[in-house]
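Trainee: First to last, the sequence lines map onto chains G and D.
Using this note's numbering, the first residue of the first sequence is number 341, and each one after it goes up by one.
Using this note's numbering, the first residue of the second sequence is number 37, and each one after it goes up by one.
You may find that some hints are simply not true.
[Claimed, not checked] Computed Cβ-Cβ distance ranges for the label pairs, DEER-style:
| id | chain 1 | residue 1 | chain 2 | residue 2 | range |
| --- | --- | --- | --- | --- | --- |
| 1 | G | P414 | D | A235 | 38 to 44 Å |
| 2 | G | T528 | D | A50 | 21 to 27 Å |
| 3 | D | V189 | G | P595 | 46 to 52 Å |
| 4 | D | L85 | G | E613 | 48 to 54 Å |
| 5 | G | A569 | D | A47 | 32 to 38 Å |
| 6 | D | S158 | G | G509 | 38 to 44 Å |
Since the hints were made in silico from the structure, they are not lab data.
Source: prediction; values computed, not measured.
Beta carbons are placed, not taken as given, at the ideal position from N, Cα and C, and that holds for glycine.
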Amino acid sequence: MRTLTAGSRGLGLRPEFVDTLLESPAVQGLDFLEVAPENWMQIGGRKRDQLDRIADRYPLIAHGLSLSIADTEPLNTAFVRDVARFLDDYGIALYSDHLSAARDGTGYLYDLLPVPRRAENLPYLAGRIAQVQDITGRQLVLENVSAYHRYPGEMPEGAFFAELALRSGCGILLDINNAYVNARNHGTDASAFLRAPPSDAIVYYHIAGHLELADGFLLDTHGTPVADAVLDLARETLALHGPRPLLLERDNHMPPLDVLLADLNAIATAIDEGRHVLA
Amino acid sequence: MSSPEAAAPPAMAAEFASFCMGARANGSGLYGQLLRENVIDALRASFPLFTDRIGNTALEAAIDAFLLRHPATRPQFHHISTEFLLFAQHALPAVPHHLALLEYEWALLAAEIAPARVPPASEQLDRLALNPTTRLVLLQFDPARPSAAGDGVDRPHAIFRTADHQVLTLPLTLPDCLVVEHLREIDAVSLAALFEALAPHCSTVELQTSLARGLIYGLFCSPPKITGDLT
Numbered sequence: 341m342r343t344l345t346a347g348s349r350g351l352g353l354r355p356e357f358v359d360t361l362l363e364s365p366a367v368q369g370l371d372f373l374e375v376a377p378e379n380w381m382q383i384g385g386r387k388r389d390q391l392d393r394i395a396d397r398y399p400l401i402a403h404g405l406s407l408s409i410a411d412t413e414p415l416n417t418a419f420v421r422d423v424a425r426f427l428d429d430y431g432i433a434l435y436s437d438h439l440s441a442a443r444d445g446t447g448y449l450y451d452l453l454p455v456p457r458r459a460e461n462l463p464y465l466a467g468r469i470a471q472v473q474d475i476t477g478r479q480l481v482l483e484n485v486s487a488y489h490r491y492p493g494e495m496p497e498g499a500f501f502a503e504l505a506l507r508s509g510c511g512i513l514l515d516i517n518n519a520y521v522n523a524r525n526h527g528t529d530a531s532a533f534l535r536a537p538p539s540d541a542i543v544y545y546h547i548a549g550h551l552e553l554a555d556g557f558l559l560d561t562h563g564t565p566v567a568d569a570v571l572d573l574a575r576e577t578l579a580l581h582g583p584r585p586l587l588l589e590r591d592n593h594m595p596p597l598d599v600l601l602a603d604l605n606a607i608a609t610a611i612d613e614g615r616h617v618l619a
Numbered sequence: 037m038s039s040p041e042a043a044a045p046p047a048m049a050a051e052f053a054s055f056c057m058g059a060r061a062n063g064s065g066l067y068g069q070l071l072r073e074n075v076i077d078a079l080r081a082s083f084p085l086f087t088d089r090i091g092n093t094a095l096e097a098a099i100d101a102f103l104l105r106h107p108a109t110r111p112q113f114h115h116i117s118t119e120f121l122l123f124a125q126h127a128l129p130a131v132p133h134h135l136a137l138l139e140y141e142w143a144l145l146a147a148e149i150a151p152a153r154v155p156p157a158s159e160q161l162d163r164l165a166l167n168p169t170t171r172l173v174l175l176q177f178d179p180a181r182p183s184a185a186g187d188g189v190d191r192p193h194a195i196f197r198t199a200d201h202q203v204l205t206l207p208l209t210l211p212d213c214l215v216v217e218h219l220r221e222i223d224a225v226s227l228a229a230l231f232e233a234l235a236p237h238c239s240t241v242e243l244q245t246s247l248a249r250g251l252i253y254g255l256f257c258s259p260p261k262i263t264g265d266l267t
């Protein structure tokens with residue numbers, strides 16, 4: 341079994357190409373696969389069978405959607421325990437989710453919703469992160485989300501993330517496209533966001549495509565090729581923090597696997613070459 | 037170890053609650069649209085017959101009501117379908133056939149993803165068990181033509197996943213129902229004990245026919261071996 345290194349490249353495991361992956365030996369240039377635990381745990385049948393076989397060929401990392409770490413309800417510890425069992429069963433060391441919420445007092449809303457970034461909220465969030473880390477026995481790694489809503493008077497996102505990592509010991513999954521989308525939509529400085537977190541807290545990178553609407557607003561769709569401006573930001577990120585495992589997210593308008601792998605390879609090469617120029 | 041969980045700061049809770057209420061109530065705002073798109077995508081994938089039959093206008097109205105009122109307790113996205121079913125059963129003024137379609141498609145989905153492992157067919161059958169993914173439903177329509185309105189008569193069917201991951205809907209005869217009910221009560225039984233238990237209710241030929249059909253389709257199987265199941 342291969343292990344992850346700073347130069348590893350991966351894709352999110354999608355039903356569209358599971359069969360293709362299973363038809364051949366482990367693909368060169370695809371070093372790991374990212375799975376959303378919620379989409380696979382406590383599920384049997386064909387999906388379970390597929391995941392068992394995939395896990396025999398590729399290192400897996402887990403990237404959740406439903407932890408809702410930043411909601412204001414009691415932590416769903418039963419769910420976290422289910423995730424922990426899934427991670428243990430598949431030998432997954434790296435568990436990430438989003439710094440966002442998916443639930444209010446009524447119930448789950450099934451999206452990654454932004455929460456107010458205020459200094460006084462940090463102890464509460466750090467406590468929740470500690471609970472998750474206790475239950476899973478792993479560092480929780482949190483991703484910066486694309487947020488289309490801003491609360492008035494919030495802390496800068498980078499400073500908030502840096503402080504949260506310091507207080508809680510959580511890792512950071514730096515989503516470079518989300519950083520770009522937020523900066524464009526809210527008129528903030530993506531470079532300032534990238535500079536804020538300590539390098540040693542950054543565990544891996546996400547990169548993806550976005551959709552630009554007619555009015556210039558950006559939507560984080562994971563359905564288009566990665567924009568040049570995001571590649572530029574990725575080079576800047578790697579020059580600042582160094583290489584980490586890199587994952588290309590693609591969830592919509594899926595190209596064939598060989599096209600996706602070629603994209604991943606081209607992105608990684610372009611970032612790496614540019615990084616040396618910037619450094 | 038972490039300390040017991042503190043409550044969220046009141047101002048954080050109030051700000052976030054206000055934002056969420058806006059997204060739930062306002063389908064024209066961006067987050068309102070995103071929530072609705074997530075639900076509609078999940079429902080169209082899980083319930084293609086229901087969503088097609090109910091039509092876009094009624095579906096959108098149902099999703100608005102679902103988001104506004106339903107206290108969804110299951111975090112996983114694939115449980116949107118279960119949460120919507122619960123909502124529809126209690127709060128959706130649907131045409132009965134629409135609700136029946138919804139329940140039928142949910143049962144298909146539940147059988148497809150049920151965590152239980154289905155034992156492969158065995159040459160040696162010492163003991164008999166019910167396929168562990170089985171769900172029993174009463175259908176008033178023909179599952180081969182589910183879009184057609186039913187005749188108002190409930191007919192028992194078994195929905196289950198085979199060892200090779202096919203989901204089947206099998207109409208049940210009275211002897212089938214007797215065997216299924218017996219197996220549900222006692223998990224697994226020898227063939228001799230089964231024949232003895234059901235002898236007062238149906239003939240040997242009826243039982244043999246039922247067992248042969250159930251074994252061919254995979255409704256009945258060998259008892260599953262105890263393994264380190266993820267569930």
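Trainee: Each hint should be assessed against the structure and marked as holding or not.
Mentor: We went through each hint and held it up to the structure:
no.	hint	verdict
1	P414/G to A235/D: 38 to 44 Å	55 Å, violated
2	T528/G to A50/D: 21 to 27 Å	25 Å, holds
3	V189/D to P595/G: 46 to 52 Å	49 Å, holds
4	L85/D to E613/G: 48 to 54 Å	52 Å, holds
5	A569/G to A47/D: 32 to 38 Å	36 Å, holds
6	S158/D to G509/G: 38 to 44 Å	51 Å, violated
In terms of the numbered hints stated before, the structure departs from hints 1, 6, listed from lowest to highest.
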